[in-house]
Amino acid sequence: MVKNNKILYRTTSEKCLKRGYFDFKNGQIHYGTAGKGPALVLIHQSSSSMEEYVSLIPYLSDKYQVIVLDLPGHGMSSDSSSEPGVEEFTDVVLALINHLHIDNCSILGHHGGALMAMNFAYRFPERTKKIILSGTSGLKTEAEKTEFSQTLANKKKVVLEKDGKSLLLAWQRYVAYMPDAEVNDVLRPFLNSVMALMRPYDAHYAVLKWDRQSALENLSVPVLLLQGILDEFVSYQENLLGIIPNAEREEIENGGAFLFFDKPKKCAEIIDAFLSK
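Sequential numbering of the sequence shown, starting at 1, is according to UniProt numbering.
Derived from the structure by calculation, the hints contain no laboratory data. Among the hints, a few may not be true.
[Unchecked claim] When the alpha-carbon atoms are kept at most 16 Å apart in a straight line, the in silico EDC-like pairs for lysine to aspartate or glutamate are as follows: (1) Lys25 to Glu87; (2) Lys265 to Glu251; (3) Lys265 to Glu253; (4) Lys266 to Glu251; (5) Lys265 to Asp62; (6) Lys265 to Asp180; (7) Lys209 to Glu144; (8) Lys129 to Asp103; (9) Lys277 to Glu250; (10) Lys266 to Glu250; (11) Lys140 to Glu238; (12) Lys145 to Asp202; (13) Lys145 to Asp211; (14) Lys25 to Glu88; (15) Lys209 to Glu251; (16) Lys63 to Glu232; (17) Lys140 to Glu232; (18) Lys266 to Glu147; (19) Lys277 to Glu238; (20) Lys209 to Glu83; (21) Lys265 to Glu250; (22) Lys165 to Glu182; (23) Lys209 to Glu87; (24) Lys209 to Glu147; (25) Lys25 to Asp62; (26) Lys265 to Asp185; (27) Lys265 to Glu182; (28) Lys36 to Glu182.
Using the sequences and the hints, build the whole thing.
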């Protein structure tokens, strides 16, 4: 990362991302690394892939060793042999940093990925420096969880209709999610979501099933809560400040559900400021 009057400049490209695989249980996990410095692991949201961070990585890789991965059942990683949960996804992150011989790291997770970051810090505080929980909501009621589960079921049923009209509607939703983004930046998360429909398991359900109360209350590392103020999937995040010890919060103006595609530079500035403290 290059700084000039506190302005970050994009000095590398995604071509600098070195990719590889490692074995995990019944398959392989796809990962990438870029840069040198303190380790920073980025965990994507459900129905996405490590491509979620291709616009963010170049702003951070001059100062940090940025590490990304495709969780099982996502991107170019193998599917799990049974429905995975937050604990298995967390185990994958541990296996990755062990594979790379990294003693400790900071972790950023977005939406569902924030739960893996949270759980990693809860289970392995000695391996964790700081965590950034992006796009994570306050605790949901059982009624809210049920409503979200039904929304997911409807999404899978509608998007796979043969006439293709539902794909156009889905594309229009993604454009609305990212009003300031270029077409190519909208295309990446849209295609990720479509490809995820062909995988055997939907990781959104794993996120809903995991009880995070204990982890939230017992985090011992510094925590940054990050939210795009236009992210319609996030609610009551500010309430987490009263639950998580040693937490602070930042908002991204005009940032939406795919924050790291449409506001990577601003996100990088906030991330660097937090990690540099």
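How the hints compare with the structure:
1. Lys25 to Glu87: 14 Å, holds
2. Lys265 to Glu251: At roughly 14 Å apart (the allowed maximum being 16 Å), Glu251 and Lys265 satisfy the hint.
3. Lys265 to Glu253: 12 Å, holds
4. Lys266 to Glu251: 10 Å, holds
5. Lys265 to Asp62: 14 Å, holds
6. Lys265 to Asp180: Given that 16 Å is the threshold and the Cα spacing comes to 13 Å, the pair holds.
7. Lys209 to Glu144: The given pair, whose Cα atoms are some 12 Å apart, holds under the 16 Å limit.
8. Lys129 to Asp103: Holds - the C-alpha atoms of Asp103 and Lys129 are around 10 Å apart, at most 16 Å.
9. Lys277 to Glu250: This hinted pair holds, its Cα atoms lying about 15 Å apart.
10. Lys266 to Glu250: Holds. Lys266 to Glu250 sits at ~11 Å (cutoff 16 Å).
11. Lys140 to Glu238: Distance of about 13 Å is within 16 Å: holds.
12. Lys145 to Asp202: Given pair Lys145, Asp202 holds - Cα atoms ~15 Å apart, limit 16 Å.
13. Lys145 to Asp211: 12 Å, holds
14. Lys25 to Glu88: Roughly 10 Å separates the two Cα atoms, so the pair holds.
15. Lys209 to Glu251: Answer violated: Lys209 to Glu251 is near 27 Å, above 16 Å.
16. Lys63 to Glu232: 32 Å, violated
17. Lys140 to Glu232: Given pair Lys140, Glu232 holds - Cα atoms ~14 Å apart, limit 16 Å.
18. Lys266 to Glu147: 33 Å, violated
19. Lys277 to Glu238: The hint is violated at about 22 Å.
20. Lys209 to Glu83: Measuring from Cα to Cα gives roughly 12 Å; hence the hint holds.
21. Lys265 to Glu250: 14 Å, holds
22. Lys165 to Glu182: The hint is violated at about 23 Å.
23. Lys209 to Glu87: 11 Å, holds
24. Lys209 to Glu147: 13 Å, holds
25. Lys25 to Asp62: Given that 16 Å is the threshold and the Cα spacing comes to 33 Å, the pair is violated.
26. Lys265 to Asp185: 14 Å, holds
27. Lys265 to Glu182: 15 Å, holds
28. Lys36 to Glu182: Violated: Lys36 and Glu182 sit about 29 Å apart, past 16 Å.
Of the numbered hints stated above, those contradicted by the structure are hints 15, 16, 18, 19, 22, 25 and 28, listed in ascending order.
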